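The task is simple: from the sequences and hints, build the whole structure.
Each residue of the sequence shown is one higher than the one before, starting from 1 at the first, in the UniProt record's numbering.
For the record, the hints were derived by calculation from the structure and aren't laboratory data.
Predicted, not measured: the structure shown is a model, and the values here were computed from it.
A virtual CB, placed ideally from N, CA and C, is assigned to each residue, including glycine.
Not one of these hints is a red herring.
Listed next, with one range per pair, are the computed distances between beta-carbon atoms:
1. Thr446 to Glu235: 23 to 33 Å
2. Gly953 to Arg918: 10 to 20 Å
3. His433 to Asn920: 38 to 48 Å
4. Gly803 to Thr446: 43 to 53 Å
5. Lys381 to Ser884: 29 to 39 Å
6. Asp355 to Glu566: 54 to 64 Å
7. Asn688 to Thr483: 53 to 63 Å
8. Pro560 to Asn365: 53 to 63 Å
9. Arg918 to Arg1041: 33 to 43 Å
10. Met1201 to Lys1099: 22 to 32 Å
11. Gly359 to Thr446: 39 to 49 Å
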Amino acid sequence: MKHINHAALKKSEDLTARLCATPPQNRRKIFNTKNLRSPFGSHRRTASTTGTIENACNRSDDDGEASKEKMYISGKMKDAELHARLGFFLDNPCRNSVDSAIKQPLQSCTSLVSTNTSPVSTLTGSSDADMSRVLQDSGVYIGGSNSIGSLMSMSISEQSNSSLSPVTRRHSVTTSQAGNVEDLTLFKNRRVPIRRSARSGALKGPVDPKIRFAQYRQTQQLTLKPLFFEVPVQEQEPLFIGRQWLMRDISNIINQTDSQGILLQGSPGTGKTAVLLQLVDHSCFGRRRSEAMRDNEGIYCQVNVVNERIKALSSYIVAYHFCQADNNLTCLVPDFVHSLAAQLCQAPQLCAYRDYLLGESHLQNILSVKECIADPERALKMGILEPLITLRRSGNITAKNCVILIDALCEAEYHRPDHGDTLATFLAKMVAHFPPWLKVVATVRTQMMEFVKMLPLTRLSLDISNDTTQKDIYEYCTFRLKTSSSIVNNIHPSGKEGNMSNQNKFIQYLISLAKGSFLFVKLTLDLIECGHLVIKSSSYKVLPVSLAQIFLLRFNLKFPTVTKYERVSNILNVCLATLYPLTQVEIFYSINALHANSPLTWQEFVESFNELSDLLVKRLDNTYMFFHPALREWLIRRDPSESMKFLCDFRLGHAAIAFRLSRLHAPLDGELSLELGHHILKAHIYRNSNHSLLPRDLQAYWIASVTDNISSSLCTLRNVYSPNIKVSRLLLLAGASPDFVTDFVGNAPILCIAASEGIVSMVNLLLEFGADVEKCNSQGNTPLILASAKGHCDVVRQLVAAGSALGHTDTSGRCALVHAARSGKLNVVKYLLASDWIGRDGFNDMSLSQAAQQALVAASSQGSTDIVEELLDSADVCIDGEDSITGETALTGAAKCGCVDTVTALLARGASCGARNRKNISALLVAAKDNHRAVIERLIQYHVDLEDSDNDGKTAVIVAAQEANMDVIEVLVERGVNLEKKDNEGLTALSWSCLRGHLQTATYLIEKLANIHHTDKTGRTPLDLAAYQGSGALVQMLLDRGSQIEHVDINGMRPLDRAIACRNVQIIQVFLKRGAKLGPTTLLLLNKLLEDGNTLYRKNRLQEASHRYQYALKKFPLDNSEHSSTFNQLKVNFLLNHSRCNRKMNNIAEAIDLATQAIEMNPESYEGFHLRAKALLECGQVEKAFSDSKSALQRGQTASMDIKNVLIRFHDEVLKRKAYLLTHETDSSTDL
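Right, dumping it as structure tokens:
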């Protein structure tokens, strides 16, 4: 059956392209930047998909006519093809006729734009002129040079992008920097000529985009994409009056307190979002950031004051986030972190942060959506907070305060994940890590304060609790009455003329009803202004008393009959059920998916949809949202005391979306499969089915029949780290493998990741479906090992109960108990120790005693004293035993980490101070090397042997002197350690401190009477050793303390000779200033002359090089018995180099003589014979040259291959020369 269904889908592939606004192959690309309108021209291109709703006005006339004809033809679809899509799951017989009007959705939607199209969002920078284009086109134009292009997501031709892919998101924007376009491929294959300004003098015609836009490609771009936020509003310029007190309080808290931020609370409609919109609108992200002030009269001149305060606050804003219940990505923590980073990069106050990320690609990777999903805390800390703190500390960020706005934290609660944090709990954990200059201003409903009570933010309330809120509403009402005569005319009691007293009475009554809700006041005045409410009595009984009554009244006026409401009810159901805003075409196909026999025509749908034009607001990406969350909630749920009329059954909406996804997008990828599973479960259409199969089986069959790969759908990135348990169960019922190997955590099975993340419900679910508890990732880690390392004891219990082997080891040879001990997870250690360790036949499992021994050392090395004591109490371990992997003992491990408490516990339990690790190093030596003074003091209390040494004979004081650990040296010296103790090379602590160049340590040891004249096995004094790598100050100190400057070791070397050999100029100068003599063993001048000569030779300055060599040969001492071999070799080098110079200067005789001298000093020198052969060949003595080249070749057999090749080539050259001469002599004899 599954095969048959796929065949049916394949047959109707052509119909899919026509019916679906965006074909499946394109819908997986969440946002196609090719569909963006160019910011450099007035034309845009639309998607070229057949059947896509296109805007003909964006093409030339010919193209427009052709596209119309094509769309008309594509609208003539066969009955069978339509039924294949609309009746796929309903098993209805094929219909013989379909209303031909179904073709109308494939025509231009230009005339179908809602009269209530959202104005240009306050979160964008588009102008009014741009908005007029939006109202005319079905696409969107990014207008003006002041536009913040990175704040808008443009979806052209009513396209929908349903995929929730973590890489490309439906409601993410397309640029990472204002004014720059990321994907320049959108400028290719334009359908209209490129136009340029006549003032530029440039000719019209096509221009290569590679040339035209080269400057934009040169700019390095970030990979971060902020979410697209557009708060739906019904007016182009929403009225904002009052709130002076609020702006003042916010400013005072931000600038004058140490508070981490502000939590603004209020009931629905009190204007929380409006306040944040005003702040964003005047910030660097909004269109009013440079707007001039408007003059107002009367009481409204206070607007100027408010605007000034808003502008001052807006200058602090560096990021904003609006949580929207009907846009799920805005409510998820990973997308919040990613979008936050992208917006921080756009803020001019934090331009240094953007530059920092551009230079640190690994931080961009950490902030990618994938990494944010895997670990949002790590992404926020490492990718945002730590760089900001570093930049602030270095002075690259100078702003006094920066503010992040987060609206409607309560909305995110509607998308609470089965595992993990909501935005509120995430902020509660992370806000403490924010730097004090980075503030958070968040809003929440008063009724949902329980969800944010843990946030350490200062509370401000917008509810009616003081005169300031009432004053704000009074100013709003007064303004509305002053600017609308209709309102004034409709609020006068019968038989009375309007006067100020009546108006004030009405306003006061309205304020008492509103209870702080601006929305209530606005909607009530709108009804009065339209004439739907007319006040005829001074008691004002006709006025509604709550938002619910206002909504009920509006619906009663709009839908007076049941039939009229039923025409729009499914539209409302779909909009309520969707996870993200849908386009008009998506809503149309979703509704038609509910009609198997008589689908709506496009015209019928449009007529119904226009009935909701004042309730559903069109956004810039061509999607629709309810104008206010309060309306959405009223349609979904009611209080018991309220009327249930017009209550929507959004289960039908879920069913409609599920049918649409199944018919128009199959086969579904992983993310769409999860979305389908969500809607199937919410719809539960098989609840009352009489089918022999259970409803869950039918649901499973449904999702299996339309999913491309059911197992990979289960293991999508989001579902792995934040699983939807109910949908995951459905996928497993549909045949998904519980052992499917993911691409994450070293190709770990999904059970491994669930165990590592501590998702108990997912672990139980996978175990229920038979997941293999022993399946490992690439590092050999089983789910039990990963859960133990993270300390998820509940998961560990489930895995052990399921039969997971306790002794299983990973590739490093460690089992779950060792990992738990290393990570300091005491509860897991206790549970594993109490469990039954049963080895598996045929497996090399670790026994309990072996595991406990490793765990003891691991816990000691991490300083986990409580685990050490637990292991010593509960397990059969040897307290001085070695770890089979690291070779450490418990005491040496604890000494290495410097944990005094652990060392004390081990010593108290009988650990031996002299116990050594595999390298034969005791705890004392380990602590001395790592400078743990407190550990050494504790070991001394237990009578440790201070003269204990390692395999090299080094005692603790020698080790400390090597590392310049003064704290340890002081403790040891105070305890009377022997400073003259020598290691195997005869070096004392002072010797090592001088050898390493530690001035402070050497000075201290000498002050403590260390022998300054001590000599090691080669006769080197501390001064000799300091001459290697020491500083001039150290040598000067030793000389001042009486060190012998002319001391000679057993090899005849003096301190000055060592300094010269190491080319330590600073120390050489100190020695020479103190009167050190250049003796016959001093090779400084000779080496310097040889080096200079070689440099001149390479520069072809032969005469100067020859002078250097000749001068050096005269400086060789006559008596060089002490180092005859060294001098002889050096002299041979001078002779050979001098010979080369003379040969190149054509002094052949002298070159031969110098080479002969070199041969006499070193008869085995192949270089001497080679050079002499070259000179002899140049002067025509071929026989002698042949003899010398042959000798050179014989003596050069031990040389490198390159040298041997050179000798061979020269010898061949001599042979050819010799053969030529013989031939020439023979010819001459023949001629005679």
